[in-house]
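> Since chain S is already given, all that's left is putting chain Z on it; use the hints.
First to last, the protein sequences are chains S and Z. Numbering-wise, numbering that gives the first Met the number 0 puts 123 at position 124 of the first sequence, and it's gapless, one number per residue. Numbering-wise, numbering that gives the first Met the number 0 puts 66 at position 67 of the second sequence, and it's gapless, one number per residue.
No false leads were mixed into what you were given.
Computed footprint of chain S on chain Z, listed as stretches where at least three residues anywhere in the stretch have a Cβ under 8 Å from a Cβ of chain S: (1) 6-12; (2) 58-68; (3) 87-94.
No farther apart than 20 Å at their CA atoms in a straight line, the calculated lysine to any residue pairs in the SDA-like style are these: (4) Z:8 <-> Z:65; (5) S:119 <-> Z:130; (6) Z:15 <-> S:487; (7) S:119 <-> Z:128; (8) Z:21 <-> S:131; (9) S:119 <-> Z:129; (10) Z:8 <-> S:101; (11) Z:35 <-> Z:124; (12) S:117 <-> Z:129; (13) S:381 <-> S:407; (14) S:117 <-> Z:76; (15) S:121 <-> Z:127; (16) Z:272 <-> Z:430; (17) Z:8 <-> S:151; (18) S:494 <-> Z:78; (19) Z:8 <-> S:149; (20) Z:15 <-> S:100; (21) Z:15 <-> S:137; (22) Z:21 <-> S:490; (23) S:494 <-> Z:130; (24) Z:15 <-> S:101; (25) S:494 <-> Z:79; (26) S:83 <-> S:231; (27) S:175 <-> S:474; (28) Z:15 <-> S:488; (29) Z:21 <-> S:492; (30) S:494 <-> Z:86; (31) Z:8 <-> S:152; (32) S:214 <-> S:231; (33) Z:212 <-> Z:338; (34) S:340 <-> S:352; (35) S:117 <-> Z:130; (36) Z:8 <-> S:98.
Derived, one-sided and incomplete: chain S residues facing chain Z with beta-carbon distance under 7 Å: (37) 99; (38) 102; (39) 104; (40) 106.
Quick caveat, the hints were computed from the structure, so don't treat them as lab data. Keep in mind that this is a model prediction, so the values were computed, not measured. Glycine included, each C-beta is placed from N, C-alpha and C at the ideal position.
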Amino acid sequence: MARSLPDFSNSVKLKYVKLGYQYLVNHIIPLTLVPVMAGVLMEVLRLGPDEILGLWRSLHFDLVQILCSAFLIIFVATVYFMSKPRTIFLVDYACYKPPVTCRVPFSTFMEHSRLNLKDKPKSVEFQMRILERSGLGEETCLPPAIHYIPPTPTMESARGEAELVIFSVMDSLFQKTGLKPKDIDILIVNCSLFSPTPSLSAMVINKYKLRSNIKSFNLSGMGCSAGLISLDLARDILQVHPNSNAVIVSTEIITPNYYQGNERAMLLPNCLFRMGGAAILLSNRRSDRRRAKYRLVHVVRTHKGADDKAYRCVYEEEDKEGKAGISLSKDLMAIAGEALKSNITTIGPLVLPASEQLLFLLTLIGRKIFNPKWKPYIPDFKQAFEHFCIHAGGRAVIDELQKNLQLSAEHVEASRMTLHRFGNTSSSSLWYELGYIEAKGRMRKGNRVWQIAFGSGFKCNSAVWKCNRTIKTPIDGPWADCIDRYPVHIPEVVKL
Amino acid sequence: MAEIRYTCKRTAVSTKPVQPGKRLPLSVLDRLMEPKHLRVVYYYGSDGPAREAGERTRTLRETLARTLTSFPKATGRLQRDSEGRWEIDCNDAGVRVMEARARGSVEDWLRNAGREDELRLVHWEEMLDTPYFWSTFYVQMTEFEGGGFAIGLSCIHLLADPTCATLFIKAWADMTLNARPTAPPPSFRALPKRRPSHRNDPDRHNSLINHCKSSINTSSLTPSAKFGTLSLAFTEPIVRSCIAMAQPVDAPDGPGPSPFEALAGLFWACISKVKGEREGLVSMCLGLDVRKLLGLEREFFGNCMVYNNSLHARDNEEDNSLPGAAKAIGEMMAKLDKNGVMDLIEWLEINDDTGPKNTRSLNFSELLFLNLEGIEPDTARFEDTHAPIRVSCFFEPPCKEGQVVILPSTPKDGPMSRVVMVTLPEDELVKLMEHDLVMSLMGLNKNRA
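Chain S with its partners taken away, still in its complex shape (with noise of 0.2 Å):
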C-alpha cells in the first residue's frame, strides 16, 4: 500500500508535468506573442492619439514610399499563394464488399487444402497452424474461381474478379459522390500482382467511357504500398493540373496468385490474402472543398531496396516444381521495423508537435554528447494524431507496429478488425480501417489520420490527412451491416 501510493503520486506528477512542458513549448508562439502585444497596447494606451499621430508624421513618409511598400506587400503574398501547393481533397472513397456466396469459413478453407493438396498433408497442417493464428475471422472472401475444387485461376477467372471488385466499387463511387464519368480527368489503378495487356486501367475507360483525353496510369508490382504510391502521383499530378480531379482505384487480384505448390514460405499470402478493393475520388477544385471528407496533408514515402536483404523479403519465385508463388523471407518484421524507423524519422518533424521535436533533439543531442547508453527518444505519435490505419498485413505487423509506436488497443483497432473481418486486402486495406473508424462514429472535424503501408521492395509509406468536416453515421459500406457486432476479441490461436 505504501510502496503503491508514492509509485501513483510520482505518476501523476509526471503527467503534469508532462502536460505543462507540451503546452508551454506547443503554445510557444502565442504564450510569447501576448505579452508583447499587452505591452505594445499599454504603451499605445499611454501615449494617447496625438502623440502618435505626431510619431506617424516624423517618419516623413511620402505617398512613393507607401506605394512601393503596398506593392512589396501585394507582390510577396502573390508570390506565395503561387507558389503554395494546390490542397488535394479527399471527396469520398468507396470500398467493395464481396458477395456472401465468396464467403470461406476455416473449416471450408482447411477442406479444400485437404482436397487440393492430397498428398501433402506436411502443408496442409502447416496452413492451418497459419490460419489459427492469422487474426482473420469467418467472414472473409476468395474469389469464386479459388472456391473451385481443384481452383481454376486462369487468366479469364483473373479478368472476371477484376472486373467484378473493380466495376461494382467505381459504381459505389459514382453513386457516393454523383460524379459522372465523363467527368474523370485523371485514373490511376494499382493492382500488384496481375497485370494484362490491355491493362486494367484500360479495362474501366472501355467499361465506363471515359474521355479520350483522360491521364490513366496502371501501377503493377509495387505491392501492398501500391495504394499511397498511387496517391502520391495523384497528388503529384494534380499540381500540374488546375482544377482537375483524379479517381484512384485500389485491388489485389488474387486469382492469378493462387500458390498450389507446398513450399511453406509461399504458402503464407494463400493464408491471408483476400479480395478486396477501394476506388478514392480526389479533387484540387475549390468546389469541392465544402463536402470533402479529408484534406490530404502529406505522403511521405521510403525505400529501403538499396538493401539486398529488404529487396529480397518478399519475392516472386518459382519453386522447385515450377510453381510461382511468392516467398516471404523470417525476417520480414525486422525489416519492416527498420522501415519504419526511417519512414519516421522523415515524418516525424513534419506532424509530431514542438514539444516532441524538442524532446527527441535533445535526448539524441544527449546520446550523441554525454552518455551513448541514453534510450533514444521515442517521440509519442498520439500528440500528433488522433486515428491510425496501419495496413492489416497480418496479425504480426500490426503487434509489431503496436509495440513500435507505442500504441494502445483502441488506435490499433481499425487495424484488426479490418484483419478479422475482411482479410489482407493489400492496398485496399487502409481505406476499408478508414471506413471502419468513420462507421464507428469517431471521426471528427480536425482529427489527424495516419495510414501506413509496407510494400514488397521493401516499401514504407505514410499519408497524413486531416478531417474537413465531421462524418456522421450511419454510413453505408461495406462495414454497414456488421459494425455493431465489433470490436470482437480475437482469440491469440482459434481452435479449428
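Chain Z alone, transformed into the frame defined by chain S:
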C-alpha cells in the same frame, strides 16, 4: 445415354457464420441407417421463364447459401463423440455443389433416362477415411440446354430421411421465390422421450423390435446384381381402378384400401410372382414416416422412419392376391402406434453399443416398400407457378431384394395420383413389365425407365 457435362464443383457455405462449438448428437433411429444414402431429384420443366445459360445456377447458389444458414446440421461434419458414436460438429464447412449442363430438354430426358442416367443428376461421394473432411450433403444443379433444370440432392441417411431432404429443397425453393423462408425453420431436437412411469416392459412383444433384432447385423451387404429402376406414373383414374381391384372380397362395399395400400399391394403381389413365389408373397419390409404419430412437427430434421416387416404381421400366408396383399399392408400400417415406436426407441437406446468397430444398422434383406406420400413435392417452387414435373427418390445402395418407393405425383394428375419407382435386378424388372396385371393397369400411360 444422354449427355451431361460437369461444369464445376465447389462448396456452398451459409451466409452467416455458425457459432463455434455447437454439436448435434444423432438419435438411435439415425444411427440405424448408417450405410444408406439418399438421392432425390426434382425436375422442373421447360415451360418456366427463359434464362441465360448459367444465370439460374448463379441465383440458386446465392439462395442456397442463404438457406444453409438455417441448416447447420447439413453444413457440419461427422465426428465421433467421447463414446465413439457419430455426432455432427457444426463447423460451418458447407455442402458440396456440383454444376452440370445437359443436352436436350427435361421432358426428353425423362422420356429416355434410365436408372444410371438419373443417378448422374445427383452427385455423391462415398465417405472418406477422414470423415471430418467429407461433405455429408451434395447438391447438383443441372441446366438443360433445351429447357428446364434439375436439382439433385444426396445425403447420408445417417442425418436425414426423405422427408428431411424434401424439407431442405422446399426451404431453398421458398428462399429463391420469396427471398425469405415461408415455412418454420427446421428443428434439430432429439426424439421425444416417454416419462418413466409410462414406459412399458421392454420385453413386451413388439413387431418393430423383433424386426430390428433380426435385421441388425454387422456386415453390410452390397448387392451384386445390376439394378434397374422403373418409374411409373399412376394418374387418378388408374389409381381408382387399382383400388377397386384391391377391394377385399369379403367387404366389397367397405371404404377400400388407400392408394398406397392398393399400389403397394399390387406391386407386392406382382413382384412376388416375378421372383418365382408360386403361392404366398415374398417377405417385405415397410418403411413409414412416424412424425405425426410421435407428435413431431413436419420440420423435425432427422430420421423419423420405422421399418416393419411382413413376417411378423401377416396372418394369412396363402393369400397372394392383390386384395390380400393390400389388406395385409393395411393391417401392418394400422398396427403401428405411438407406444410401439416409443418401445422401439427405448429398446434401441438401452441396447445402444454402436461404435467405430461395431456399426449396427438395418439389413434390408427383404423387398422394401417406402411410403413417401407425405412429402408434398408440389410446394417446392423455385419460380412462380413452376412446380416440379417429377420427383425421384433413390434409396441407395438398393436393397438386395429390391425396393418400391411410392411418392405423390403432380397435383394436376389428381390428388390420388402417385409415382411408383420400382428398383429390381434388371431381369426381374423386365419380367415385371410383362406382368398382365401391371400391363392392364398401365395401358399407354407409363414412363419407361
